[in-house]
Structures are given as C-alpha cells and as structure tokens.
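Asker: Sequence:
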Amino acid sequence: MTSLRFWWLLLLIITFSLLLWYSHMTKREVDLGLRSYVRISAGSRSSSHYLVLHCASCAVVSSSGQMLGSRCAHEIERHDCVIRMNAAPTHGFEADVGNKTTVRVVSHTSVRRLVQHEAFFFKQEANTRYVIWGPERNMRQDGKGRVFNVLVKLAWKYPGTHVYAVSREKMKKCDRIFQDETGKNRMKSGAFLSTGFFTMIFALDVCDSINVYGMIDGSYC
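Each residue of the sequence shown is one higher than the one before, starting from 1 at the first, in UniProt numbering.
If you're looking for bench data, these hints aren't it; they were derived computationally from the structure. We put the CB at the ideal spot given by N, CA and C, even for glycine. A couple of the hints might just be wrong.
Each pair of labels, with its calculated beta carbon distance range [unchecked claim]:
1) Asn149 x Arg71: 36 to 44 angstroms
2) Lys173 x Glu75: 19 to 27 angstroms
3) Asn185 x His74: 39 to 47 angstroms
4) Gly92 x Arg186: 30 to 38 angstroms
Under the rule of at most 20 angstroms between Cα atoms (straight-line distance), these lysine to aspartate or glutamate pairs were calculated in the EDC-like manner [unchecked claim]:
5) Lys153 x Glu136
6) Lys157 x Asp208
7) Lys153 x Glu118
8) Lys188 x Asp205
9) Lys100 x Glu136
10) Lys157 x Glu136
11) Lys170 x Glu136
12) Lys123 x Glu94
13) Lys100 x Glu125
14) Lys172 x Asp205
15) Lys157 x Asp205
16) Lys173 x Glu118
17) Lys100 x Asp208
18) Lys170 x Asp180
19) Lys100 x Glu118
20) Lys170 x Glu181
21) Lys188 x Asp175
22) Lys172 x Glu136
23) Lys144 x Glu181
24) Lys170 x Glu118
25) Lys153 x Glu125
26) Lys188 x Glu136
27) Lys170 x Glu125
28) Lys173 x Asp205
29) Lys153 x Glu169
30) Lys100 x Glu77
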C-alpha cells in the first residue's frame with residue numbers, strides 16, 4: 001500500500017511539473033509573438049519583433065457594399081477585436097460598421113491609400129495594427145522592395161505606429177492552403193489571393209471565435 005501511494009504521489013508530481021512547463025512555454029510563445037507577422041521598425045529593415053495579439057472574439061468586417069444600411073455597429077463593437085480590410089472607411093458609416101478598429105489587413109496595392117491619408121491612419125488610428133501582405137518583389141527587405149521601403153519610411157515618420165509584414169514563410173503557407181482547398185497550384189493557375197483570404201487566415205491565427213460581416217456565406221458556391 002505504501003509503495004502504491006509513493007507511485008501515485010510521484011505521478012502527481014510529474015503531471016504537475018509538466019503542466020507548469022506547458023504553461024510556461026505557452027506564455028513564452030505569446031510573449032514572443034506570432035512569427036508570421038514581423039514588425040517594421042524605424043531604422044531596421046529586419047526586425048526581431050513580432051505581432052503579439054490574442055482575441056477571444058473577433059468581428060471581421062469587409063469593405064463590401066453589403067454593409068450599407070446593415071446597422072451592425074453595436075453588434076460589431078461588442079467583439080474584443082475588430083478586423084478591417086485595406087483602407088475601408090468608417091467615417092460616415094459608423095451606424096453600419098462602427099468605428100472600432102483593432103487591425104487592418106492591407107494589400108501591398110493599397111498601401112498608397114494609407115500614405116494618401118497618413119494623418120488619419122497613423123495619428124487618429126495610431127493604436128491600430130496594420131498587417132501588410134504582398135509578393136516578395138514588393139516586400140523584400142534588401143532595399144529593393146518598393147512597398148517595404150515605403151513602410152519603413154512611415155515607421156520613421158511615425159515611430160509609435162504598429163506596422164507588420166506577413167513573412168515570406170507565411171505567404172508560402174497561404175499558397176499551400178489555397179492548393180489544399182482548391183486542388184490547384186496558385187502560381188501555375190495564375191490565381192491571385194485576395195485581402196479577404198489573408199484576413200481570414202489572420203483571424204484564424206489570433207481569434208478564438210470569429211463572426212464575419214459583409215461576405216457571402218459558404219452556400220453561395
């Protein structure tokens with residue numbers, strides 16, 4: 001009986017130690033951030049800082065005209081995080097889409113819109129995180145990435161801003177997801193991934209639950 005108690009006690013200690021280790025490693029991973037999203041910092045073309053974000057509930061709001069007259073603002077803003085796309089406006093549409101913005105997922109082709117209205121996006125919406133996706137030719141960090149260079153300049157001008165680039169590895173993973181879902185090689189088929197696609201992938205990375213506004217449902221096709 002004494003021997004049995006000893007082994008049960010030993011098993012309990014080992015289990016407790018493993019739980020402590022797992023808790024520590026999970027917290028460490030959160031503290032280190034999501035390595036798929038690399039912060040673009042002033043004075044550095046390759047930052048070691050990653051996006052740190054976790055949301056219990058998310059509202060993903062598209063820039064679709066379907067939101068006009070929806071009066072969904074209150075429902076949207078009840079979520080812990082609100083994720084918007086590109087430079088979709090909220091001013092003048094607050095009753096439909098609200099004005100809370102946690103993250104904007106932005107295409108490399110829409111960065112110019114951020115620049116055109118930089119006072120709004122990087123001053124008035126200074127707490128918003130911007131996640132930029134784009135092909136390697138525009139996002140390369142060796143001084144030849146046209147869009148990446150623009151983002152570095154913005155980081156210089158607004159050092160408190162939170163701008164992140166989707167990593168090259170994540171871009172490749174998204175291509176694999178596209179192929180798994182469609183059975184087609186994206187490069188060979190000539191298909192282009194959309195901001196909506198990257199926004200949903202991002203939401204799956206950071207959100208426990210997701211509600212989507214302004215997109216067609218799965219029964220459309």
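Asker: For the pair supplied as a hint, lysine 170 and glutamate 125, confirm whether the alpha-carbon distance does not exceed 20 angstroms.
Answerer: This hinted pair is violated, its Cα atoms lying about 26 angstroms apart.
Asker: Quick one, are lysine 157 and aspartate 208 close enough, alpha carbons at most 20 angstroms?
Answerer: violated (34 angstroms)
Asker: Is lysine 170 within 20 angstroms of glutamate 181, Cα to Cα?
Answerer: Holds: lysine 170 and glutamate 181 sit about 16 angstroms apart, inside 20 angstroms.
Asker: Compare the distance between the alpha carbons of lysine 188 and glutamate 136 with 20 angstroms, and conclude whether the hinted pair is satisfied.
Answerer: With a Cα-Cα distance of about 17 angstroms, the restraint between lysine 188 and glutamate 136 holds, given a limit of 20 angstroms.
Asker: Below or equal to 20 angstroms on CA atoms is what counts here, so check lysine 157 against glutamate 136.
Answerer: violated (24 angstroms)
Asker: Could one say that the CB atoms of glycine 92 and arginine 186 fall in the range 30 to 38 angstroms?
Answerer: For glycine 92 and arginine 186 the Cβ distance comes to about 36 angstroms; the hint holds.
Asker: For a C-alpha distance cap of 20 angstroms, please report whether lysine 157 and aspartate 205 respect it.
Answerer: violated (29 angstroms)
Asker: Does aspartate 205 sit within 20 angstroms of lysine 173, going by the straight-line distance between their CA atoms?
Answerer: holds (13 angstroms)
Asker: Next pair to validate is lysine 173 with glutamate 118; report whether the Cα-Cα distance is within 20 angstroms.
Answerer: violated (31 angstroms)
Asker: CA of lysine 153 to CA of glutamate 169, is that 20 angstroms or under?
Answerer: Given that 20 angstroms is the threshold and the Cα spacing comes to 24 angstroms, the pair is violated.
Asker: Take a quick look at whether lysine 188 and aspartate 205 sit within 20 angstroms of each other, Cα to Cα.
Answerer: Distance of about 27 angstroms is beyond 20 angstroms: violated.
Asker: For lysine 170 and glutamate 118, compute the direct alpha-carbon distance and say whether it is at most 20 angstroms.
Answerer: violated (27 angstroms)
Hint compliance for this structure: hints 2, 6, 8, 9, 10, 15, 16, 23, 24, 27 and 29 are not met, and every other hint is.
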